[in-house]
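K.L.:
Here's the letter readout for the chains.
Number of protein chains: 2
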Amino acid sequence: MACEDEPPEKHCWVCFATEKEDRAAEWVSPCRCKGCTKWIHQACLQRWLDEKQKGNSGGTVSCPQCGTEYSIVFPKTGPLVYFLQQVDRALSRASPFAAAGVVVGTVYWSAVTYGAVTVMQVVGHKKGLDVMERADPLFLLMGLPTIPVMLVLGKMIRWEDYVVRLWQRHSSKLQIFNGLVPGMGRSLPRIPVEGSYGGDHLSVSRTLCGALVFPSVANLVGRLLFRRVTSNLQRTILGGIAFVVMKGVLKVYFKQQQYLIQANRHILNFPLPEGRADGNIEDSNDDSSNE
Amino acid sequence: MACEDEPPEKHCWVCFATEKEDRAAEWVSPCRCKGCTKWIHQACLQRWLDEKQKGNSGGTVSCPQCGTEYSIVFPKTGPLVYFLQQVDRALSRASPFAAAGVVVGTVYWSAVTYGAVTVMQVVGHKKGLDVMERADPLFLLMGLPTIPVMLVLGKMIRWEDYVVRLWQRHSSKLQIFNGLVPGMGRSLPRIPVEGSYGGDHLSVSRTLCGALVFPSVANLVGRLLFRRVTSNLQRTILGGIAFVVMKGVLKVYFKQQQYLIQANRHILNFPLPEGRADGNIEDSNDDSSNE
Numbered sequence: 005m006a007c008e009d010e011p012p013e014k015h016c017w018v019c020f021a022t023e024k025e026d027r028a029a030e031w032v033s034p035c036r037c038k039g040c041t042k043w044i045h046q047a048c049l050q051r052w053l054d055e056k057q058k059g060n061s062g063g064t065v066s067c068p069q070c071g072t073e074y075s076i077v078f079p080k081t082g083p084l085v086y087f088l089q090q091v092d093r094a095l096s097r098a099s100p101f102a103a104a105g106v107v108v109g110t111v112y113w114s115a116v117t118y119g120a121v122t123v124m125q126v127v128g129h130k131k132g133l134d135v136m137e138r139a140d141p142l143f144l145l146m147g148l149p150t151i152p153v154m155l156v157l158g159k160m161i162r163w164e165d166y167v168v169r170l171w172q173r174h175s176s177k178l179q180i181f182n183g184l185v186p187g188m189g190r191s192l193p194r195i196p197v198e199g200s201y202g203g204d205h206l207s208v209s210r211t212l213c214g215a216l217v218f219p220s221v222a223n224l225v226g227r228l229l230f231r232r233v234t235s236n237l238q239r240t241i242l243g244g245i246a247f248v249v250m251k252g253v254l255k256v257y258f259k260q261q262q263y264l265i266q267a268n269r270h271i272l273n274f275p276l277p278e279g280r281a282d283g284n285i286e287d288s289n290d291d292s293s294n295e
Numbered sequence: 005m006a007c008e009d010e011p012p013e014k015h016c017w018v019c020f021a022t023e024k025e026d027r028a029a030e031w032v033s034p035c036r037c038k039g040c041t042k043w044i045h046q047a048c049l050q051r052w053l054d055e056k057q058k059g060n061s062g063g064t065v066s067c068p069q070c071g072t073e074y075s076i077v078f079p080k081t082g083p084l085v086y087f088l089q090q091v092d093r094a095l096s097r098a099s100p101f102a103a104a105g106v107v108v109g110t111v112y113w114s115a116v117t118y119g120a121v122t123v124m125q126v127v128g129h130k131k132g133l134d135v136m137e138r139a140d141p142l143f144l145l146m147g148l149p150t151i152p153v154m155l156v157l158g159k160m161i162r163w164e165d166y167v168v169r170l171w172q173r174h175s176s177k178l179q180i181f182n183g184l185v186p187g188m189g190r191s192l193p194r195i196p197v198e199g200s201y202g203g204d205h206l207s208v209s210r211t212l213c214g215a216l217v218f219p220s221v222a223n224l225v226g227r228l229l230f231r232r233v234t235s236n237l238q239r240t241i242l243g244g245i246a247f248v249v250m251k252g253v254l255k256v257y258f259k260q261q262q263y264l265i266q267a268n269r270h271i272l273n274f275p276l277p278e279g280r281a282d283g284n285i286e287d288s289n290d291d292s293s294n295e
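Chains as they are written, first to last, in my numbering: chain B, 5 to 295; chain U, 5 to 295.
There could be a bad hint or two in this list.
The list makes no distinction among identical chains, and a pair is therefore deemed to hold if it is satisfied within one copy or across any two copies.
Straight line, CA to CA, 30 Å or less: simulated DSSO-like cross-link-like pairs of lysine-lysine [as the list claims (entries may be wrong)]:
(1) 58 <-> 255
(2) 42 <-> 14
(3) 42 <-> 251
(4) 42 <-> 56
(5) 159 <-> 251
(6) 56 <-> 130
(7) 159 <-> 58
(8) 58 <-> 14
In case anyone wonders, no lab produced these hints; they're calculated from the structure.
Produce the entire structure from the sequences given, and follow the hints as far as they go.
P.N.:
Printed below as a string of structure tokens:
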């Protein structure tokens with residue numbers, strides 16, 4: 005496309021019009037390009053620039069052929085416009101941080117409220133209000149939001165996994181349990197890969213919901229199992245411990261079973277339509293493994 | 005790699021061992037493959053499956069050569085394990101929704117609190133508390149969170165843009181303003197593209213923060229400008245109106261100036277090192293545009 009020699013009269017590389025066709029048009033040679041791509045109408049270049057900038061009026065644009073950055077000048081502005089420009093820029097820069105602050109504030113405030121509700125749930129509605137009214141406000145603003153944080157952190161301690169691992173390591177020594185848990189004593193055909201059994205991954209949503217619902221569950225279990233305990237606090241703590249222990253035992257059992265299921269999985273032969281000799285031999289193999 | 009004829013003795017396509025090398029090993033032919041890729045050790049296939057499943061023990065795996073899905077069987081489980089499996093699955097499925105509920109609840113509760121704070125700010129601390137105590141709790145739980153929602157929706161109405169557009173459309177008829185705003189009467193060298201001037205985009209963080217800070221600003225402006233008004237509510241409303249009008253006028257002025265700046269931008273010639281004839285002519289053009 006590019007021609008070396010400059011043609012006798014200017015012509016615009018956007019609209020292909022020559023100097024003679026529009027005597028009033030303003031011409032510009034904005035880059036290092038020579039020859040037939042040297043000249044362009046100011047108006048054509050402006051349109052092309054608009055397209056390249058895509059709404060970002062401050063963006064730089066370069067010549068696609070020689071790479072020279074076009075030098076764009078703007079009329080000078082008054083002090084008020086300059087001031088408004090600076091204010092606009094400062095607000096644009098500050099607003100993401102302010103929005104982040106709003107989000108943090110929202111989470112914090114909800115954590116405070118959750119903490120207060122939990123205190124009332126654990127020690128009883130009236131006593132909880134009394135305790136919080138007598139406490140130092142600063143202590144409340146620091147202490148109450150740590151309640152949900154502690155619950156989530158506590159929920160992240162997966163002690164059942166350690167128990168399962170310990171069990172698996174010392175299963176040969178724990179012969180007394182073999183009667184209790186089916187398939188415990190048998191030697192395993194294979195060791196399943198870590199994490200392939202029983203959803204070993206830490207789910208964020210499950211941890212969060214489990215942690216937040218725990219005080220209510222502890223309260224409920226306490227009311228069901230320890231009706232004779234009169235103190236609200238003691239009853240909820242006992243209920244919480246009972247729930248954690250019961251859930252832990254079920255989880256350890258479940259994980260151990262999942263482990264055994266994975267350890268005893270078996271891949272079947274592809275069923276052969278014709279009763280071939282080798283196929284039949286392998287079929288009998290499958291039967292023995294399916295016992 | 006694949007050989008058509010089945011070799012005289014089985015050999016595993018993973019570990020290349022033959023039947024003679026390990027008489028005890030279990031063999032399996034899990035897919036439609038024939039020839040030398042027909043047989044594999046059960047143990048080798050299990051290892052290969054673990055690698056392909058990457059911890060997802062329920063995932064299906066197919067033969068990379070013939071595409072047959074391997075049929076994996078698991079030992080049968082008791083009713084308790086089945087029940088626990090169902091509970092685990094139900095919890096995993098429900099937890100994202102529960103977590104979404106927690107997020108919605110957090111936002112809702114913060115909106116209620118923000119609404120209550122705003123009511124106290126606008127009508128005064130003591131009177132605000134009185135009003136809210138006397139109101140129906142259901143009405144408060146529905147009404148208070150709509151306050152921030154309304155503020156954000158109100159902030160999203162960009163009336164200044166309409167005023168600017170109206171102004172630009174009828175600028176020739178508004179000759180009286182030409183003295184007030186510099187560069188208004190002149191005919192523009194070009195029409196800037198929509199959205200290229202003055203941050204026309206709707207920033208989420210700026211809209212949110214602007215909306216949430218508005219009652220405080222209205223209160224402050226009311227206290228500064230309308231000290232003689234005794235009613236807290238009236239003073240804050242007057243302050244809010246004054247702030248919106250002042251900000252609107254500045255914004256319209258700023259946008260109009262940004263429009264003019266973009267309309268009057270000019271692209272300069274590339275400076276020529278030697279004083280060539282055509283270069284000089286264009287240089288003089290630049291000077292006239294920089295006035």
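K.L.:
If a hint holds in the structure, say so; if it does not, say that too.
P.N.:
Taking the hints in turn, this is what the structure says about them:
Within a single copy, residue 58 and residue 255 get their C-alpha atoms only as close as 57 Å, which misses the 30 Å cut-off; across copies the closest is 23 Å, which meets it. In this homomeric assembly, residue 42 and residue 14 come within 30 Å of each other (Cα to Cα) only inside a single copy, at 8 Å, whereas the closest approach across copies is 76 Å. Neither within a single protomer nor between protomers do residue 42 and residue 251 lie at most 30 Å apart by alpha-carbon distance, with minima of 79 Å and 46 Å respectively. Taking the shortest alpha-carbon separations for residue 42 and residue 56, only the intra-copy value of 19 Å comes in at or below 30 Å, while the best inter-copy value is 60 Å.
Taking the shortest alpha-carbon separations for residue 159 and residue 251, only the intra-copy value of 12 Å comes in at or below 30 Å, while the best inter-copy value is 50 Å. When the C-alpha separation of residue 56 and residue 130 is checked against a cutoff of 30 Å, the pair qualifies neither within a copy, at 67 Å, nor between copies, at 58 Å. Taking the shortest alpha-carbon separations for residue 159 and residue 58, only the inter-copy value of 26 Å comes in at or below 30 Å, while the best intra-copy value is 49 Å. In this assembly of identical chains, the alpha carbons of residue 58 and residue 14 lie at most 30 Å apart only when taken from the same copy (29 Å versus 66 Å across copies).
Checked against the numbered hints above, the structure violates hints 3, 6; every other hint is satisfied.
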